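Enquirer: Spelled out from the first residue to the last, the chains are:
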Amino acid sequence: MDIRPSPAQQMLTSTARAFLKEHCPPERVQEWVLDARGFDDALWRRMAELGWPGLLVAPELGGSGGSLLDVALLVEEMGYACLPGPFVTSAVVATSLLTDAGRAEQSQRVLPALATGERIATLALVEDSGSSDPADVALACAVPGRLTGRKLFVKDAHLADQLIVVVRERNELSLLLLPTDRRGISRLPLEAISGEKLFEVVFDGVEITADDRLGAAGCGAVPLAHALAAGALARTAEMVGGAQRILDLVVEHARTRVQGGRPIGGYQAIQHACADLVRDVDTARGLLYLAAWKAAEGQPAESDVAIAKAHAGEACLAVARRGHQIFGAISYCEEHPLHLFHKRIQAAALDYGDAQHHLETVARSIGLV
Amino acid sequence: MDFAFTDDERAFAEDVRRFLRAHPLERFAVEGMDAGYGSGAHSRAFMRALGAQGWLSMGWPRKFGGGERPLFFKLVLLEELALAGAPFGPLAGCWQTADAIIAYGSERLRREVLPAVARGDGTFWQGYSEPGAGSDLLGLKTQARRDGDEYVIRGHKIWSSHAGIATYGLVFARTSQEARRSRGFSMFVVPNGTPGMDIRPITSLTGEVYHYETFLDDVRVPADMRLGPEGEGFVALLNGLDSDRFWGRFYKAPALERTLRQLVEYANTERVRGVPLARDPSVRRRLADAAVDLAALRALFYRAACLMRDEATITYETAVAKVMADETGQKIAQLGMDLLGPWGPLREGSRGARLGGSISHSYLTSLGHTIAGGTAEVLRTTIAVRGLGLPAEPKAEARSRG
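Those protein sequences? They're chains H and Z, same order as listed.
Once you know that position 204 of the first sequence is 204 in my numbering, the rest is easy, because the numbers rise by one and skip nothing.
Once you know that position 131 of the second sequence is 1131 in my numbering, the rest is easy, because the numbers rise by one and skip nothing.
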């Protein structure tokens, strides 16, 4: 057993920490939150130059063939900086789907462009049920035929060139790979407190042919489960990074904010609250790394991912709420960065399965009937 | 990163399971209460059986009769024993004391005490706390006065686990009145039964005896039964506390895992209006939450274990693990009481008791865990001050480290 990241992983995280410190300070995050598009093309290109969007893509398709553990470490840094944008949905979830489900022609056509960041893809999964569980997908589609209906909470649909739409085809799950500019597709923004760009995507008689299928008919469930686990891990990493940043901000504040003649961090009420933040951040990170390592090793990791995401969702949100209490009134202001991290954790906690969803997976894994 | 056990570690886990199958636990006489930490009851016979396997001394250097097994073998042994519910109460304390004797003990301690520990005949009680010195150990009053080749110890120790059935006391006493409060303390290994030593049981809220108090009335101890240099006892004690917290709680996660499995089985079989309790959404959620907590706890302990093995600096990592272990234990005990409903409070041995009456026992003993070995409050301060670098409260520096 060894808890230390490899030299290459240390390089990845230290590069990311320095790069994002320079290019993604909280003031910029705040601007992106308030802006309708909320995306910096130049920054995305720089990230692509660092090879980030290609991290999970195979080397022969222009990527670096990294693992989900590498992804977890990188996205943790993105969470630490509160970096917005389509990295998780495009470079992790869509990339995972194209890798696992795509026919050779599809992978060769789309993955190199995703790896270089020239194209962006996103997943359209959730429907009116609000559930991230593929079992709850009801949108039916005959192939060939026309697709009519809608998907909700589709992340960064405004930036995406490609939509991966989960549909029911003769009762089985199929995946469709559609260009976002196809006739009959419209993207209507939902306004979330986090400033994450979410969309209702409406399909109005969209023409679908067999070529639009990502993979074979009715074979979507397995690659989807794999991709959702990757997405859940990445969002967990984002929460861990965000919670670590909150802890760092809180500790700095507790050391320097003087009340009653001494720093508030010298009072046990604050010290004990900070100790709980340490517990929450450290446990969330420990479970993340264990789950990501298992997934990277190709071991069964379903319950580990569920444990990590369920725990981070609750623990990191607790860190955010406690952070507000320790900071006091100043953290109620829009110009203070704490709310950015808090809202991001809130968003990540819901994405790819909320705590309740993952706890049910845990309940089954411990043998509850 | 690599979270796998090595082939050797897995093979050793299988050895331990084989040993447990060959030695049914009900055959071992038990003479001291299970205080719920996960190490089970005090059983001299079981300790001797572990000694016969060579496992009590397996981590020691060969020149002390040890097997030079790496630290992770000890973790494997503790996990397997705790998962089985074995009575290995004194084990971790034996390992820690032996490590101290090997590191800085006298020839006499090495010659007399180590072989007894290796056989399972030597066990220890900790004589640290006093009636006036709980979380603030520096306030202790027990004195050890040098008299020729001996020390003469006088004082009153309390909250010593299994003291009446152990072999040696580790008595912490003041050996000089130097100005600096933290200097001038020494540790002594005092055989039980030494004249002047009066060990009296304290009945706990479970109705059984776990703690003792000891009156030391001019107890004479040879000078070479002092453990470590004179006056350096407190430094050694503080350094030891980080590992004390670790070895005193490592087996709690697997022990709670055992409890959780029992509760899952109970929820699956117990029916309410014909439906298994496991189908109740709140029961389901609380049990799943407990499983998540245990996974998190395990992650904290294995991180601390890797740091200890790699001899990396530990500031707060064992403190945070101990606090979480004890609070998780209380949470799971409460969950068990809630699941069992009116059967929860029934004692072991009572007519109608469910899960052997173990849950009411866990519930009661868990109350002491956030107090013993560093209270949750002291440890949270340790995490904040040593881990995060927050300023210590005025004049509280030494206390925060306890």
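Hints may contain errors.
Unchecked claim - The calculated label-pair distances, taken between Cβ atoms and stated as ranges, are:
1. D1338(Z) <-> A269(H): 22 to 32 angstroms
2. H23(H) <-> R1018(Z): 54 to 64 angstroms
3. R146(H) <-> A1004(Z): 45 to 55 angstroms
Said to hold, decoys possible - A short, non-exhaustive set of chain Z residues, derived as facing chain H with CB atoms under 7 angstroms:
4. D1002
5. R1048
6. L1277
7. P1281
None of these hints come from the bench; they were simulated from the model.
On a predicted model such as this, the values are computed, not experimentally measured, just so you know.
Glycine included, C-beta positions come from ideal geometry on N, C-alpha and C.
Enquirer: All the hints need checking, so say for each whether the structure fits it.
Expert: Hints and how they fare:
Range check, D1338(Z) to A269(H): Cβ separation about 30 angstroms, and the 22 to 32 angstroms hint holds. Checked against the hint of 54 to 64 angstroms, the C-beta distance between H23(H) and R1018(Z) comes to roughly 58 angstroms, which is consistent with it. Under the hint 45 to 55 angstroms, the C-beta atoms of R146(H) and A1004(Z), about 51 angstroms apart, fit the expected range. Hint status for D1002(Z): holds, given a least beta-carbon distance of 5 angstroms to chain H, under 7 angstroms.
Taking 7 angstroms as the C-beta contact cut-off toward chain H, the hint placing R1048(Z) at the interface is violated, the least distance being around 31 angstroms. The interface hint given for L1277(Z) is violated, since its Cβ lies 9 angstroms from the closest Cβ of chain H, which is over the 7 angstroms cut-off. Hint status for P1281(Z): violated, given a least beta-carbon distance of 9 angstroms to chain H, over 7 angstroms.
In this structure, the earlier hints numbered 5, 6, 7 are contradicted, and the remaining ones agree with it.
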